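K.L.:
Here is what each chain is made of, one letter per residue.
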Amino acid sequence: MNFSQPLFLFSLLSALLFLWIVLRRPRRQLRKVSQVFLFLRARKEVLFRFTRWQLIKNLIIVLQLLFLIFLSLAVAGPQGVIPPWSGKYCVVVVDTSLSMMAQDIVPDRLSLALDLAQAKTEELLSSGNTVSLWELSSPPRIVQGFTTNFQKLKDALRALEPSYSSTDILGLLELLDKWVAPKKVEVYLFSDLAFSLFPEKFPQLVLHSQAVGQVSDNLAIASSKFQDPVLWLSLKNFSQKDREVHLLIDGQRLKEPASIWMESMGSEEVSLTLTSTKPYLKVEIEEKDALPWDNVIYVVRPQPLKVILVSSSPFLKSAFQAMNLMVVSVNPEDYSPDLQGDLVVFENFLPQSLPDTPLFVVHPPQGNGFFPWVGIEEKGFPVLKESPLLEFLDLSSVDFYQVPVIQSLTLVPVGYWGKAPFLLQGTIAGRKAVVFSPNLSYSNFTLEASFPVFLANVVRFLTGDEPGPVLPEQVGSEELLEPSYGGERFSGSPPGLYLHKGAQELRFYSCALMSEEESNLTRHTEVERLGASESTDAPRDLTPFFLAFPLTLILIEEILRKRHV
Amino acid sequence: MRKGGASVEFADFRTYTWGDDFRLIDWNSYARLDRPFVKVYRDEEGITIHFLLDCSNSMDWGSPNKLEYSLRLIAALGFIACSGYNWVKFQSLPDGYSYPEKRGRYQIPSFFDFLSGIRSQGQCHLNREISRYAELNPRPSLIFLISDALDPLGVEGGIKRLLARGHQVIFMHILAPEEFQLEYGGDLELEDMEWGTKVEVTLEEQTVKVFQETFERWQASLRSFCLAHQIPYLFVPSSLSCEELILKRFPMAGILR
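Going down the list, the protein sequences come from chains U and A. Heads up, the first sequence stops at 566 in my numbering, and the numbers go up one at a time, no gaps. Heads up, the second sequence stops at 1125 in my numbering, and the numbers go up one at a time, no gaps.
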């Protein structure tokens, strides 16, 4: 046992002092009396009581001694020692891909997989192992870091839902290799195993797989691509037997080809030219199987968005026209807020008043940049002073705070001094917006494509086609990278990244490090999570127990005294 | 004490029996009743009163001190006896102080001087000492036995020996109040001041109650012994004043008139 304040152990000497006093004190008061034989005649009861009292008195002395000892130990801050852990790191992986919704078993494969995973988790924990719960979907993710808390794992298992995605087993194996390979984990996979496990890639991995589901009897539209008017389909037959497949379009059986012969575990690619002008078409496989959800796709032909491009750049116009958009190009000097469109892009131009459009992109001109955080003293945060963006950046309701973890990443701060390329993506005043600093295109930020393409991708993000602004993907690195921007390093402003409370609506990125930092940020989060779980092995503070014991002793002593004295 | 004798004080008639002196026949009653009667006269003689005092260490204890109280009591009784022209004798138990038989008022000062010099004398086996006294004093007398009777071996055997010798015994049981009403408690080591025996006791409420019961049983056995042998038994707490004892308790017990 360790002690946080070992010097206080000297207070144990008080126990020795107490013992010395007890041993030194006169045992009984001597009293001369005229006779003792009458006492002796009553000795049976007298001596019995005497013996019992003597025992109780000794017990009280022992209790007092223990009280002193435990109090001294409690003051010294005892720390429990965790015995060396001898268990294994186990990763329980549950496949939540679409195929797990197959109802060849009741109620479905996923439910059975969750039940089996829970039973296995309990078994692993009872054997002294540490378990982590992962979800096998696309992409795979860590649901619960390593822990010995069954309730946590159980709750995490109950929270798992179908992901309606494909099975990214390769991603899972890479994730395993990335995070837990050094720990020599054992993996328990609960899946319908409708994929190859790539055992040659990770020969050292100890992988126990539990197949959930009967023999697969599944037809699927594995993937599709639509470029009006051509629809490309990839069909797969996961059955153990050859099947004849018929396609239905809006409930009508396809005439040509009338049927498609598919071999067991084979795939076929079909290319169709849709003659219908309906904006919405349902394409499905007629045959029923264990998993009907993957037999249907919906072909949607959206109307092109009307984009008002306020720019003098001809390159932008051509780039936007390649995106199946209805682009209205307007020179900055001709811009009027009356122009109505689904999305307005201001490039190298900052209007005095912005249009009332739900989507817009702002790339202000050089010299009138996005310096909204300078010069305000009240809250300790710089606030926009001059830029017209202030009109719709209602900062009064925005509560800022600093995130320590992110601060450690040494992101380029939002500020005047750094001249750092800057991108704001999110919702402002109920409108979806992307705003980036004027020097973005002049920085050393390595745009993978040209600026027009980058801007076009931003627009695509706003229109909902992409998960976010497409920025070049940097190669991941184990080390955190310092930002490499061309400007001088800032000074005078606290480093760090400011996030809106909730962190969902408004996110600020430094463009230069966005991809890298986001990757590192994710990694950090995972490391934190794994570390936090492992921290259950930290020594426990036993002071409360050592304090509770002497208090109990006092209580017992009082009861004994009241009952026998 | 009064016995029949040959004094001038008429006491009673009784039927003439063989061997009576003819001169004692009351002829007048014979003439009236035609049966011989003899006159019986009362003879007053000086009786011998022995004071047997337990002078063991256990008597030299208590508040008021039992020994001092007993000596005062003996002095009072001795004064009365001497005043009545009775023989007075004192014997301590164990044998150490002895006052020979003497009578008359002029003996009172010397008797008091003698009493004032008496001290406790250590250990005493009451039975043995009383028996020895009985052996040495065969002539029947009136014996005031004054003791606390705190002898583990008891006092009954000695009293029986006295009775066997024809003595008339009055047992005055002297005890200090704290001996039958314990005024101390807690963890104690009790030492018998006469015998040196030590006992460790814890006198709590229940223990004291047990002791009281034991004491009452012991006293009741003494009282019943005396009752069985027609011995006047007087329980005398040393806190009781001598005046009350002599003027009230003794007449009530028939010891004094």
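Quick caveat, the hints were computed from the structure, so don't treat them as lab data. All values derive from a computational prediction rather than experimental measurement. Don't take each hint at face value.
No more than 20 Å apart at the CA atoms, straight line, and that leaves these computed lysine to any residue pairs for SDA-like [to be verified]: (1) Lys563/U - Asn933/A; (2) Lys563/U - Glu1073/A; (3) Lys242/U - Pro932/A; (4) Lys33/U - Asp1055/A; (5) Lys33/U - Asn933/A; (6) Lys58/U - Leu1056/A; (7) Lys153/U - Gln989/A; (8) Lys33/U - Gln989/A; (9) Lys33/U - Phe1079/A; (10) Lys563/U - Glu1059/A; (11) Lys33/U - Glu1059/A; (12) Lys1066/A - Ile298/U; (13) Lys33/U - Ser931/A; (14) Lys33/U - Leu1010/A; (15) Lys1066/A - Leu255/U; (16) Lys1066/A - Lys279/U; (17) Lys279/U - Leu255/U; (18) Lys33/U - Gly990/A; (19) Lys58/U - Lys1028/A; (20) Lys563/U - Val1067/A; (21) Lys226/U - Glu123/U; (22) Lys1066/A - Gln228/U; (23) Lys237/U - Tyr953/A; (24) Lys33/U - Lys1066/A; (25) Lys58/U - Gly1064/A; (26) Lys33/U - Arg987/A; (27) Lys1066/A - Leu41/U; (28) Lys58/U - Gln1074/A; (29) Lys33/U - Lys1028/A; (30) Lys33/U - Phe878/A; (31) Lys33/U - Gln1049/A; (32) Lys563/U - Phe1083/A; (33) Lys58/U - Phe1093/A; (34) Lys563/U - Gln1074/A; (35) Lys279/U - Gln228/U; (36) Lys1066/A - His209/U; (37) Lys1028/A - Leu1010/A.
To list a few chain U residues with every Cβ distance to chain A over 12 Å, as calculated [unchecked claim]: (38) Gln30; (39) Leu31; (40) Val34.
Each residue gets a CB set at the ideal place from its N, CA and C atoms; glycine is no exception.
K.L.:
Honestly, which of those hints from before does the structure not fit?
P.N.:
1, 3, 7, 10, 12, 14, 15, 16, 19, 20, 21, 22, 23, 25, 29, 30, 32, 33, 36, 38, 39, 40
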